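K.L.:
One letter stands for each residue in the lines below.
2 protein chains.
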Amino acid sequence: MLIPQAMAYAMLAGLPPEIGLYASILPLIVYGLFGSSNFLSVGPVAITSLMVASTIAETSACGFTGGAIIVGVMLALISGLMLLLMGLARLGFLMNFISHPVIIGFISAAAILIALSQLKHVLGIAITYDISTLGILPYTIANSGLINVVTVTIGSGAIALLVLANKPLEKLLLSLRVNNNVAAIICKLGPIVVIVLGALTVKIFALDQTHSVAITGSIPSGLPIFDLSQFDFSIVKQLLMPALIISLVGFVESMSEAKALASKRRQKVEPNQELVALGLANISASVTGACPVTGGFSRSAVNYSAGANSGLASIITAIFIAISLLFFTPWFYYLPKAVLAATIIVAIVNLIDVKGMIETWRYNKADSASLIITFLTVIAFGIELGIVAGIVVSISLYLLRTSMPHIAIVGRVDASEHFRNVKHYDVTVYRDTLIIRVDESLYFANSRYLEDRLLIAVAEQKQLKNIVLICSAINFIDSSAVEALTNLIAELRDSGVTFHLAEVKVPVLRQLQRSELLQQLAPGKVFMSTHDAVQELCE
Amino acid sequence: MLIPQAMAYAMLAGLPPEIGLYASILPLIVYGLFGSSNFLSVGPVAITSLMVASTIAETSACGFTGGAIIVGVMLALISGLMLLLMGLARLGFLMNFISHPVIIGFISAAAILIALSQLKHVLGIAITYDISTLGILPYTIANSGLINVVTVTIGSGAIALLVLANKPLEKLLLSLRVNNNVAAIICKLGPIVVIVLGALTVKIFALDQTHSVAITGSIPSGLPIFDLSQFDFSIVKQLLMPALIISLVGFVESMSEAKALASKRRQKVEPNQELVALGLANISASVTGACPVTGGFSRSAVNYSAGANSGLASIITAIFIAISLLFFTPWFYYLPKAVLAATIIVAIVNLIDVKGMIETWRYNKADSASLIITFLTVIAFGIELGIVAGIVVSISLYLLRTSMPHIAIVGRVDASEHFRNVKHYDVTVYRDTLIIRVDESLYFANSRYLEDRLLIAVAEQKQLKNIVLICSAINFIDSSAVEALTNLIAELRDSGVTFHLAEVKVPVLRQLQRSELLQQLAPGKVFMSTHDAVQELCE
Numbered sequence: 002m003l004i005p006q007a008m009a010y011a012m013l014a015g016l017p018p019e020i021g022l023y024a025s026i027l028p029l030i031v032y033g034l035f036g037s038s039n040f041l042s043v044g045p046v047a048i049t050s051l052m053v054a055s056t057i058a059e060t061s062a063c064g065f066t067g068g069a070i071i072v073g074v075m076l077a078l079i080s081g082l083m084l085l086l087m088g089l090a091r092l093g094f095l096m097n098f099i100s101h102p103v104i105i106g107f108i109s110a111a112a113i114l115i116a117l118s119q120l121k122h123v124l125g126i127a128i129t130y131d132i133s134t135l136g137i138l139p140y141t142i143a144n145s146g147l148i149n150v151v152t153v154t155i156g157s158g159a160i161a162l163l164v165l166a167n168k169p170l171e172k173l174l175l176s177l178r179v180n181n182n183v184a185a186i187i188c189k190l191g192p193i194v195v196i197v198l199g200a201l202t203v204k205i206f207a208l209d210q211t212h213s214v215a216i217t218g219s220i221p222s223g224l225p226i227f228d229l230s231q232f233d234f235s236i237v238k239q240l241l242m243p244a245l246i247i248s249l250v251g252f253v254e255s256m257s258e259a260k261a262l263a264s265k266r267r268q269k270v271e272p273n274q275e276l277v278a279l280g281l282a283n284i285s286a287s288v289t290g291a292c293p294v295t296g297g298f299s300r301s302a303v304n305y306s307a308g309a310n311s312g313l314a315s316i317i318t319a320i321f322i323a324i325s326l327l328f329f330t331p332w333f334y335y336l337p338k339a340v341l342a343a344t345i346i347v348a349i350v351n352l353i354d355v356k357g358m359i360e361t362w363r364y365n366k367a368d369s370a371s372l373i374i375t376f377l378t379v380i381a382f383g384i385e386l387g388i389v390a391g392i393v394v395s396i397s398l399y400l401l402r403t404s405m406p407h408i409a410i411v412g413r414v415d416a417s418e419h420f421r422n423v424k425h426y427d428v429t430v431y432r433d434t435l436i437i438r439v440d441e442s443l444y445f446a447n448s449r450y451l452e453d454r455l456l457i458a459v460a461e462q463k464q465l466k467n468i469v470l471i472c473s474a475i476n477f478i479d480s481s482a483v484e485a486l487t488n489l490i491a492e493l494r495d496s497g498v499t500f501h502l503a504e505v506k507v508p509v510l511r512q513l514q515r516s517e518l519l520q521q522l523a524p525g526k527v528f529m530s531t532h533d534a535v536q537e538l539c540e
Numbered sequence: 002m003l004i005p006q007a008m009a010y011a012m013l014a015g016l017p018p019e020i021g022l023y024a025s026i027l028p029l030i031v032y033g034l035f036g037s038s039n040f041l042s043v044g045p046v047a048i049t050s051l052m053v054a055s056t057i058a059e060t061s062a063c064g065f066t067g068g069a070i071i072v073g074v075m076l077a078l079i080s081g082l083m084l085l086l087m088g089l090a091r092l093g094f095l096m097n098f099i100s101h102p103v104i105i106g107f108i109s110a111a112a113i114l115i116a117l118s119q120l121k122h123v124l125g126i127a128i129t130y131d132i133s134t135l136g137i138l139p140y141t142i143a144n145s146g147l148i149n150v151v152t153v154t155i156g157s158g159a160i161a162l163l164v165l166a167n168k169p170l171e172k173l174l175l176s177l178r179v180n181n182n183v184a185a186i187i188c189k190l191g192p193i194v195v196i197v198l199g200a201l202t203v204k205i206f207a208l209d210q211t212h213s214v215a216i217t218g219s220i221p222s223g224l225p226i227f228d229l230s231q232f233d234f235s236i237v238k239q240l241l242m243p244a245l246i247i248s249l250v251g252f253v254e255s256m257s258e259a260k261a262l263a264s265k266r267r268q269k270v271e272p273n274q275e276l277v278a279l280g281l282a283n284i285s286a287s288v289t290g291a292c293p294v295t296g297g298f299s300r301s302a303v304n305y306s307a308g309a310n311s312g313l314a315s316i317i318t319a320i321f322i323a324i325s326l327l328f329f330t331p332w333f334y335y336l337p338k339a340v341l342a343a344t345i346i347v348a349i350v351n352l353i354d355v356k357g358m359i360e361t362w363r364y365n366k367a368d369s370a371s372l373i374i375t376f377l378t379v380i381a382f383g384i385e386l387g388i389v390a391g392i393v394v395s396i397s398l399y400l401l402r403t404s405m406p407h408i409a410i411v412g413r414v415d416a417s418e419h420f421r422n423v424k425h426y427d428v429t430v431y432r433d434t435l436i437i438r439v440d441e442s443l444y445f446a447n448s449r450y451l452e453d454r455l456l457i458a459v460a461e462q463k464q465l466k467n468i469v470l471i472c473s474a475i476n477f478i479d480s481s482a483v484e485a486l487t488n489l490i491a492e493l494r495d496s497g498v499t500f501h502l503a504e505v506k507v508p509v510l511r512q513l514q515r516s517e518l519l520q521q522l523a524p525g526k527v528f529m530s531t532h533d534a535v536q537e538l539c540e
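Chains as they are written, first to last, in this note's numbering: chain A, 2 to 540; chain B, 2 to 540.
Bear in mind the hints are in silico, worked out from the structure with no lab data behind them.
Hints should not be assumed to be uniformly reliable.
Unchecked claim - Cross-link-like lysine-lysine pairs, in silico, DSS-like; alpha carbons within 30 Å at most:
{"no.": "1", "chain 1": "B", "residue 1": "K172", "chain 2": "A", "residue 2": "K424"}
{"no.": "2", "chain 1": "A", "residue 1": "K424", "chain 2": "A", "residue 2": "K366"}
{"no.": "3", "chain 1": "B", "residue 1": "K238", "chain 2": "A", "residue 2": "K356"}
{"no.": "4", "chain 1": "A", "residue 1": "K238", "chain 2": "B", "residue 2": "K238"}
{"no.": "5", "chain 1": "B", "residue 1": "K366", "chain 2": "B", "residue 2": "K424"}
{"no.": "6", "chain 1": "B", "residue 1": "K366", "chain 2": "A", "residue 2": "K356"}
{"no.": "7", "chain 1": "B", "residue 1": "K424", "chain 2": "A", "residue 2": "K506"}
{"no.": "8", "chain 1": "A", "residue 1": "K366", "chain 2": "B", "residue 2": "K238"}
Said to hold, decoys possible - From chain A, some residues computed to sit far from chain B (all C-beta separations above 10 Å):
{"no.": "9", "residue": "S37"}
{"no.": "10", "residue": "C63"}
{"no.": "11", "residue": "L147"}
{"no.": "12", "residue": "K189"}
{"no.": "13", "residue": "F227"}
{"no.": "14", "residue": "E254"}
{"no.": "15", "residue": "Y334"}
{"no.": "16", "residue": "A390"}
{"no.": "17", "residue": "D440"}
{"no.": "18", "residue": "S448"}
{"no.": "19", "residue": "L465"}
{"no.": "20", "residue": "V507"}
{"no.": "21", "residue": "L522"}
As the list claims (entries may be wrong) - Computed footprint of chain A on chain B; a stretch qualifies when at least three of its residues, placed anywhere within it, have a C-beta under 8 Å from a C-beta of chain A:
{"no.": "22", "segment": "362-376"}
{"no.": "23", "segment": "444-457"}
{"no.": "24", "segment": "474-485"}
Model, not experiment: these values are computed from the prediction.
C-beta: ideal position from N, C-alpha, C; glycine also.
Isolated chain A (complex conformation):
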């Protein structure tokens, strides 16, 4: 199954099918030797292939005439070097800055674009175009006059069979009391049967001759050779940004898979080692003339369910693919492109995560905003801008939230030592002492906000003599906040209000001792507890 998949993803990337197979030999072996995951299998995957396709279109629009293969090779080389360097610099933690909603939005939108990009193959529209956004849809419709009816029949038949061969077939087999494992194996064979059926149909009826059904055609037989002549350093600058995004997205996809598989067996995956292994795998892809690779789910899951528990599985797979390339390439000749496209479409539609979207929407509107913006940007402006927009928006929304922290005026619950928000509890407040709690660490973006809120509170309570700031939720105070607090203390003192702190955590207090704030505080004090403060100031 890996063979038609690799060919299909090469086709998706706008490369000859054999490139997909080349990308599944040496990189697999290299990853098997260096990777920290025992189950991950690398090769071309759908989303990075779409990015390769859009980069090829861009470079050719910018006047690069070296051809698609060189762009693919250079992307593999540059992104391999980037991954390797990031791994050596231990930058694996950077992937933490891509939030879950951004990943959901990004992958779902990319899946739609990928499915749309394969539509022309299923419809048999024999033209090429370089659009990697939703703009592909009206373009395809405009060319619907070119639909090849025989191809549509084969393509949609393949889609129907692939869908049926999955869950419905498994259910049927189980209801017929077939053994669980046997049923699973039969379902796994489904796609292969569909592909073989497709190829046989074309061959028997010579549909490629009589009805112009697009086929894979002849694939050069033989192993990829070590070939540096395909390096072209004149386009490096143009490829830096696409390569960075391919690296990033490939790494995130790969790590998600590796972690999901590893956690089932209580193993750990080391992000920096993964970066190094993926980097070397991509560099090895480039020197054998192949395109960027990463760890993909469908391929890795095969390894996992086959019980592979060392990098050996990857190496055995690589050998099988090499043997196919040596002896069996003529067998792929009649493979209809429509069937390959159908396998992509059926596989990719599962990546549209509607459940994740609904859960995010229910949980939090800011997270939904990141998701929706990522999704729409990918759909409208393409993959690269989409992931960048998603990261920028999610970080901005986080900054925005922490810049306007929750600030509560609190009062004492009965005669207890507990203090709660006056809005939610029936508590005792004091006429000349305001007790206020801020639920966030103080840093440059929120210190002026706190200052403004406190000054408003002071203006509203004319008889005020003391403000007690409860610092129990403050884990850090940066120097901008110290500056703002120091100014605030002076301003309040000028207007006859003394500022106090309470419940300052030990590390925060130690930090404050290195500034002039505590000297400036006098006659204000630092109280151990809010209770202490109230006892001294109000009783």
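Guided by the hints, dock chain B onto chain A, whose structure is given.
P.N.:
Below, chain B without anything else, positioned relative to chain A:
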């Protein structure tokens, strides 16, 4: 004093001196009508003038031949529109994202660059060059053969007098028992005396003729006219970025001044109204052929100490400048450029905030890093890149800090209900229950870090049955963190460890109820207090 200052800043911007005066008429009146600060006085200021100078140099290097004045006018127009739109969109809060260390580093480095850029006038090196980085220094040294000895004498004499006329003169006068106020007024008159002396020296000895001392020369008499012919929309795209940065920096400088002055009299300044007022002031500058303006300290302080308490002061100042333009421009003819440069240098050196740098260094190394990177980037690559680098670095360091929160394993203090870090206190821990506290809200960038730390803790304690996560410092959990926690709960359950939460704040608990996390938690529980958890799980 505002008149030579405005001329000097126009010269710094690479514009004819009268532009500085034009910028001090209509904008002052407009700001006086719309601004929320009673003391702020707008006009050309040193830092924005330096940015105008570097933009003029860039556009001319990019082949714009329309001349410096048009660039100045367009910058005023674009940045005016930007400020106005930001004010109407209520984006004043964005200035909070420029941290105090970034401002210190930026202004100090800009002050050095400004002083260096004026060096050639003081040295009398009569060549023009367009460098706004430290590269100006070797360039000036290379041309030191062109030094005009008479000009150096005048320039350094002016610097010496200006320095002496400040604090030393005030001390002397006070020691001679001169009245405080009188001493202050005499010191304020110092710069004017120096300027008049300079002009008289040149005129009397005809130094401009005999020794080629550079003078201001003739300034066209008459008021600025309403003139849209200087708008050139062909360079708008090139000016967008510089105009944005001029707007940002101008706004920050203006707001800092306005707040500092207002707080002394217990008044509030409204950021969004300030944005609108500054925007209109800049648009009014552009239609009268002037350069960008903003609120500067030295000019505003004059208003303040003169007791100005309404926008009227600005309007009166504007009328005085208009009268000077109508009748007194010949008086400025013999003003030596070296003296104007000397006034800039003496004024600007005060902006180098060595004390702030030392305090930041002592307080926090991450903040110092933002400061140093901003400072060095401004010095080496210029003002625009510097402020951008500063903002990016300070936000990145904040994200980095929150992405690796403090996580403490805690134990019980004696038989109390208090739980403290096992590293700092002698506390009771439990063999089958791990109690852990995370001191930060959970969001996408730190949830995987927490997950990793918890899994390591579990791996180290083989007999573990329960983990209790104390959430007292968690003010928010975003959907990425919910996803990570849900996965973690399932992973821990698979390895026989039950996950519990304790001390979850009410708003956080309400938020979690909208996700599936609480259902997934079972048999784990949400405990009101850590004490409750220990009582149920360990006793």
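K.L.:
For which of the previously enumerated hints does the structure constitute a violation, in increasing order of number?
P.N.:
1, 3, 6, 8, 17, 18, 20
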